[in-house]
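Protein chains: 2
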Amino acid sequence: MITFRAASAKDLNDIVQMLADDELGSTRERYETPLPESYIKAFEAIDADPNNELIVACLGEEVVGVQQLTFTPYITHQGSWRATIEGVRTAASVRGQGIGSQLIEWAIERAKERGCRMIQLTTDKKRTDALRFYERLGFQATHEGLKMKL
Amino acid sequence: MITFRAASAKDLNDIVQMLADDELGSTRERYETPLPESYIKAFEAIDADPNNELIVACLGEEVVGVQQLTFTPYITHQGSWRATIEGVRTAASVRGQGIGSQLIEWAIERAKERGCRMIQLTTDKKRTDALRFYERLGFQATHEGLKMKL
Chain E
1 MITFRAASAK
11 DLNDIVQMLA
21 DDELGSTRER
31 YETPLPESYI
41 KAFEAIDADP
51 NNELIVACLG
61 EEVVGVQQLT
71 FTPYITHQGS
81 WRATIEGVRT
91 AASVRGQGIG
101 SQLIEWAIER
111 AKERGCRMIQ
121 LTTDKKRTDA
131 LRFYERLGFQ
141 ATHEGLKMKL
Chain P
1 MITFRAASAK
11 DLNDIVQMLA
21 DDELGSTRER
31 YETPLPESYI
41 KAFEAIDADP
51 NNELIVACLG
61 EEVVGVQQLT
71 FTPYITHQGS
81 WRATIEGVRT
91 AASVRGQGIG
101 SQLIEWAIER
111 AKERGCRMIQ
121 LTTDKKRTDA
131 LRFYERLGFQ
141 ATHEGLKMKL
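So the sequence lines, in the order shown, correspond to chains E and P.
Everything in the first sequence is counted per full-length UniProt numbering, starting at 1 for the first residue and increasing by one.
Everything in the second sequence is counted per full-length UniProt numbering, starting at 1 for the first residue and increasing by one.
Don't take every hint at face value.
Same chains, same names: a pair is fine if it fits in one copy or spans any two.
For lysine-lysine, the following DSSO-like pairs were computed, each having C-alpha atoms within a straight-line distance of at most 30 Å [stated by the list, open to error]: (1) Lys10 x Lys41; (2) Lys112 x Lys147; (3) Lys112 x Lys41; (4) Lys10 x Lys125; (5) Lys149 x Lys41.
Honestly, the hints are just simulated from the structure, not real lab data.
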């Protein structure tokens, strides 16, 4: 059975390993020993922010999935809170077992608990499987996701 | 000359008026006197959160533009901060004067000041002019923007 909990600093190694073990992630993450300090600082900032949650999915003691949730009070849509999902990954060893869907379903429930009126994410247009996955779960690709590196 | 500053509670009326005076916004905002309480609560939550900034553009004393910036510490991209822009609007009276571009250029500079490595936004696929506007400013539509109402 899969359980979900807030990540602790001890999970960071497993999390970065999952982020790096990905077609796009492998080009931009650095899974090294020791972990680059930037990951540790980001974890600390997330952990200290009540509007950010780094969530791990566990199979027994093993960390097999991760996602980050951000809760934002927006002035638009009549001043409603919104949840944003980012960095969804599952461990290669458990792919195809529906753990990704369980992660997202968990995020949807958590967003409702937090009083959000919308949940959103962006996915790289190169990830055609991911787009179908999210559409099956009820998301609609109504928007263009625009990015600029600084 | 356009100046930019953090919005105060006194600007909320002008802000909601701009949000509602928009093809898509008119279907989902409520510009009424008094303003619905949800806008006031959202303003208070934004104002209390160091990672959210509601910014107005002013021409003299007059509020002629608005945007909300959210700064998020992400574990992805080697644990880098990211800025998200939402709810960009300019007053109908000043459209076509480049104030929208100045808002976004201001957001880009603010994101750099905050140490962000990326700036991002989503725009409704129905807003074809907006897509071209953001692409001209250097954004790339590399992602699908997926949403689900809760």
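Against the structure, the hints come out as follows:
1. Lys10 x Lys41: within (14 Å within a copy, 37 Å between copies)
2. Lys112 x Lys147: both (27 Å within a copy, 14 Å between copies)
3. Lys112 x Lys41: both (29 Å within a copy, 18 Å between copies)
4. Lys10 x Lys125: neither (33 Å within a copy, 41 Å between copies)
5. Lys149 x Lys41: For Lys149 and Lys41, the Cα distance is within 30 Å only inside one copy (20 Å; across copies 33 Å).
The structure shown violates just one earlier hint, number 4.
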